[in-house]
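Q: Those protein sequences? They're chains L and X, same order as listed. The numbering used here numbers the first residue of the first sequence as 1 and each following residue consecutively. The numbering used here numbers the first residue of the second sequence as 1 and each following residue consecutively.
No lab work stands behind these hints, which were simulated from the structure alone. Be a bit skeptical, because a hint or two may be false.
The calculated DSS-like cross-link candidates involving lysine-lysine, where the alpha carbons are at most 27 angstroms apart (straight line), are [what the hints assert, rightly or not]:
hint, chain 1, residue 1, chain 2, residue 2
1, X, Lys284, L, Lys284
2, L, Lys30, L, Lys284
3, L, Lys294, X, Lys320
What follows is a list of derived Cβ distance ranges for each label pair [stated by the list, open to error]:
hint, chain 1, residue 1, chain 2, residue 2, range
4, X, Arg182, L, Ser249, 52 to 58 angstroms
5, X, Asn184, L, Asp89, 36 to 42 angstroms
6, L, Leu92, X, Thr251, 45 to 51 angstroms
7, X, Gly234, L, Asn269, 44 to 50 angstroms
8, X, Asn184, L, Leu92, 52 to 58 angstroms
Each residue gets a CB set at the ideal place from its N, CA and C atoms; glycine is no exception.
Number of protein chains: 2
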Amino acid sequence: MRVLITGGGGFLGQKLACALGQSGRLRGQKIAALTLADIAAPACPDMPFPVTGVACNVAAAGDVQTLMAQPFDVIFHLAAIVSGQAEADFDLGLQVNLFGTLHLLQAARAAGNCPVVVYASSIAAHGGEEPEVIVDGVELNPQTSYGTQKVMGELLLNDMSRRGMVDGRGLRLPTVSIRPGRANAAASSFMSSIFRDTMQGDTSNCPVAKDYPIYHTAPRTVIANLIHAANLDGAAFGPNRCINLPGRSDTVAEMIAAMTCVAGAEPANRITWNPDPTIQAIVKGWRGHVRPEKAQRLGFVTDASFADTVRWFLADDIAKAS
Amino acid sequence: MRVLITGGGGFLGQKLACALGQSGRLRGQKIAALTLADIAAPACPDMPFPVTGVACNVAAAGDVQTLMAQPFDVIFHLAAIVSGQAEADFDLGLQVNLFGTLHLLQAARAAGNCPVVVYASSIAAHGGEEPEVIVDGVELNPQTSYGTQKVMGELLLNDMSRRGMVDGRGLRLPTVSIRPGRANAAASSFMSSIFRDTMQGDTSNCPVAKDYPIYHTAPRTVIANLIHAANLDGAAFGPNRCINLPGRSDTVAEMIAAMTCVAGAEPANRITWNPDPTIQAIVKGWRGHVRPEKAQRLGFVTDASFADTVRWFLADDIAKAS
């Protein structure tokens, strides 16, 4: 069982690698080797199996072909240009999010072993003419270039799965909060930083109103769902391999209240409230309420509370780092 | 007003050119020049304005850039690899249907005049997990590579329209019947040939059962709808620029009965009934019943009867050719 994670240097890639290291198994088999690929060669945590960090620009077909010259059995495709950056640079988003996915899927097809491909799509797939509460089976009408490129990748994944070239599974990730590390160019970056940074003594700005609803999920839960997606039988997904992942719908105010319960009153006082029209324009096109019934039937999970998320953040990302 | 038709050598491209020649106007303005582009330089019918036929492989970015070096005001993008061929050759379909559309839209963006782009998508966008009767707003789940590539183009068109790069309008065409000329590699080819060929004294095979429902439209009606799409204000489409076009739902048996009413009993006797599993596998993924309410609100039209279609075919394609 050879496993590849693209975007392996990102926080999800690193957490996924650690989770695979802890279990040592995937799809009922022992993991023999793990490759972490990213634009710069990622750090390789200690594992009970060999781990290799590889520098690979997925926008370059040759890079991807070299990376995948030896077939993988399971591929987690997490590499992407995030929403804010893809909105600012249309062509870069196309190169990485659309062509990167195409290169990866073509290399997986060329390997000839019909590998399992777990594809990180996004709840940003939704917006525009869709209903306020997203149910399964509504026409995707993304209102960002990032969301558009993610959905184009979904379609390719579905078609190549139908043709038996790959065994794809696409997950539309809710906003992952609380994301560790530093703020990034994702329009959703504030949905982590107003908790992460303020709990560590810094100020952080919230660019939207307190009643803005966020459809979110904790890093621990996303990792569990990514691994669950790999373990499932592909046929269980039916003709459409791409699903809305479970998440929680909470307003910014509700999430702050949960943080206050766990971490006291100080962090919330460090949040500033300056509206940002650019970020608002992007995130107001998203949806805060989703009923992911197909994913629930398939056994994907969600968080019981945002208070859990705060506790996990303190345990996983602060206690370990200090 | 400079107009471009890709796929200008095809039967729809040629009929569209003739219709533009007859009216001489588009979007309230006089047409100054028309360019017909296709893989081989198309025939140029006599027009009240200059018409140029250009050989252009849309899969080659350079070809498209050369073609579009001088900006067009309205572009009808009809060029495509049809369903049967895109299913037989995955990479060719990607090159022409996905990359060809990308090249065209990028060249239209580079022109800097935000041209109107009328994009021919297909009812093959639908299938898989969608309901038996298609209504507006259902998640597209194409079950062919052709349908997949068409939907990927729709997403790109929507995103580039949202960004103001082009002013796109995407129409999911029903099966166009009765298509003149010869049988082609479209899986739907029989939906024309069992009428066209038998009315001209030849035999023709029907690979599906008599109760198979076809969502179809006449060439005259499609041409009227393509021109209507160009004439509309883009904002009328809302955030989703791509719509299901109106058509008629008739079974094969009902369409044959209409032909018999107009053309007598002989043609129907020339139909053979040998099932074809390859064609069935493709067309059974399509949908025979659609409620295109958004398109109807926007003023797109359908045929009153298939008997009209038969009469129009005899008048437009047989009488003129003989």
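Q: Hints first: check each against the structure and report whether it holds.
A: Cross-check of the supplied hints:
1. X:Lys284 to L:Lys284: Outside the cut-off at roughly 39 angstroms; violated.
2. L:Lys30 to L:Lys284: Status violated; Cα separation ~44 angstroms.
3. L:Lys294 to X:Lys320: Not OK: L:Lys294 and X:Lys320 at ~55 angstroms, beyond 27 angstroms, violated.
4. X:Arg182 to L:Ser249: 52 to 58 angstroms: Given about 56 angstroms between the Cβ atoms, the range holds.
5. X:Asn184 to L:Asp89: 36 to 42 angstroms: Since X:Asn184 and L:Asp89 have Cβ atoms about 40 angstroms apart, the given range 36 to 42 angstroms holds.
6. L:Leu92 to X:Thr251: 45 to 51 angstroms: Holds - the Cβ-Cβ distance for L:Leu92 and X:Thr251, about 50 angstroms, lies within 45 to 51 angstroms.
7. X:Gly234 to L:Asn269: 44 to 50 angstroms: holds (47 angstroms)
8. X:Asn184 to L:Leu92: 52 to 58 angstroms: violated (39 angstroms)
Of the hints listed earlier, those the structure fails to meet are numbers 1, 2, 3, 8, in rising order.
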